[in-house]
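Undergrad: As they're listed, the protein sequences go chains L and A. Position in the first sequence (from 1) plus 20 gives the number in this note's numbering. Position in the second sequence (from 1) plus 1 gives the number in this note's numbering.
Keep in mind that the hints were calculated from the coordinates and are not lab data. Cβ coordinates follow ideal geometry from the N, Cα and C atoms, glycine included. Worth double-checking, as some hints may not be accurate.
[To be verified] Computed spacing ranges between beta-carbons, pair by pair: (1) Asp95/A <-> Val195/L: 25 to 33 Å; (2) Ser67/L <-> Ser120/A: 35 to 43 Å; (3) Val168/L <-> Asn78/A: 21 to 29 Å; (4) Lys72/A <-> Phe267/L: 27 to 35 Å.
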Amino acid sequence: MQNTRKIPLLFLALSVGVVLLFLLNLWYGSVLIDWGSVLKALVGSDSESTNFIIVNHYRLPQAITALSVGAALGLSGLFLQTLFNNPLAGPSVLGISSGASFGVALVVLTGSFMGIDLLLPGLSYSQLIMVVAALIGAFAVLLIIIFVSSRIANIVVVLIIGIMIGYAINAMVGVLQFFSRSIELQAYVLWGLGSFSKTTLSQSITLSSTVFILVGISMFYPNSLNVFLLGKNYARSMGVNTQKLQFSILIISGILISVATAFTGPIAFLGLAIPHIARNLFNTSNHRILLPAVVVLGAFIALLCNLIAKLPGYDTSLPINAVTSMIGAPIVIWAIVKRAKIKQA
Amino acid sequence: MSIILNIKDLTTAYYVGTRKEKTLHQNIFAEVQQGELICVLGLNGTGKTTLIRTLLGIQKKGKGEVFYNEKPLKNINIRDLSRLVSVVLTDKIDDSFLKVFDLVATGRFPYGNISGKLSEDDINIITYSMILMKVEHLNDRVFAQLSDGEKQRVLIARAIAQDTSLIMLDEPAAFIDSPGKIGIMELLKGLTIKNKKAILMTTHDIESALRYADEVWILGKNGEFETGKPEIVTNSGLINEYFDNEEVIFNKSKLRFEKR
């Protein structure tokens, strides 16, 4: 209870941080635009000006995407870590991002066979096709996971099946890669590196509103999740329908991961690392605090990673996964070591 | 005194999936009244935990029926059951950030509304439970870092916060040193006297069970089930019958096991 006063302050600081980073993301980039022009471009109607196009067509959707994906992955990571009672659970364990990869691999790598060459220059809807393919792939795996979990109450079995589906799908992608042209292969590899900058403004708004709704729904679960921390038997003894809870949590996190991955490609480490940072920063495992914390923190860190990715200042930015992994991996190592120390004590 | 739990002709069994593997105990007739401390005795592997799990509906039962306040268990949904019985289990809780206060607070879940915020009443009951179990000073500590004795008292405080007339405990005194064991038995006894709670606990600490219990239930190795007041089961030789072996014998006058 000693840090009850610290918590609102932390939330305030993080929220201010999110706003600042969001603005910095609009301002900073390979082309220098001063603050006045950024503002003018945002509210202005001169849709022909270069500044308007750069801010509204590139930087704004990118910032909205980063913010939404950070929140989505952080939230799903927390859900899955609590559900599986495992600090290494994250968006990749359910095989959902592999499902998305498979969808993309199918259209990108075999596109030329089916007569839709996505790599033709100037094909405006190719990006949309990839989003839809990724979404279908991700939802297909999610359906399998949900089917399995409705049959088998043991959540560890669901976890193992998710991981196995991931392996199986990666193998199929490997076969597709083997038979594809190098230019297609490159396009697929680029997708797999992840990027916040592929979305159009309307897509980023679709993404953010989906995430917003799911974040809203998540806020109904803090108490059941707190009870779930004590294990299934205790949860049951306190009147939690554990099977129903597992089911809802799987669906919510599954949709979050599917949507995020469809628009940006698989983003490494954010989902895994954000809950750990939140627990350490807020020094609690109370989901009343953690649920909003991972949302704000996720947005904060994703925007920060996006800004770092743009730092070199060239025409193109660093692959976002390189940045998230370089930040995420040490954090996860630190959190796991700390956890092990607490357990020894 | 009102009867809280009534067990009529219950059969407990060990299941693998839905397949019955082994019948453990048959013809169990017993009841638990308000303010009673009942110890379930039995050697390792006789099915003490299975009995608890069966009474809670976690485990499938064979024939027979279990009644809470005269209502059959099968007609009580888990939400209502959570306001009748709270439990202290042996399940490991190892979250590295879970604070003692937050853990005890989960006991209020059965009474929570959808917003999930703790009311002033909730906080009063949580604090009261922690004071009863002498763990209020551990408030802000991480549960996983406490000693086994402290952990057990925190878990009991959580059960008290759940505000049920019956508390079931599975081996609450295992892994705890002798002074700690007596401390816990005293606290539990106090709960039955001062707070009129009914307590049903399993234990293999026969000596302190005979000292503190109002009634003991004995689970035999071959499916036998006996109940009785501690003095009666002692004097009638039931303890000797179930627990003596080639090397150890129960001394009725000193209430302890001794070498033959």
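Undergrad: Tell me the hint numbers this structure goes against, listed in increasing order.
TA: 1 and 2
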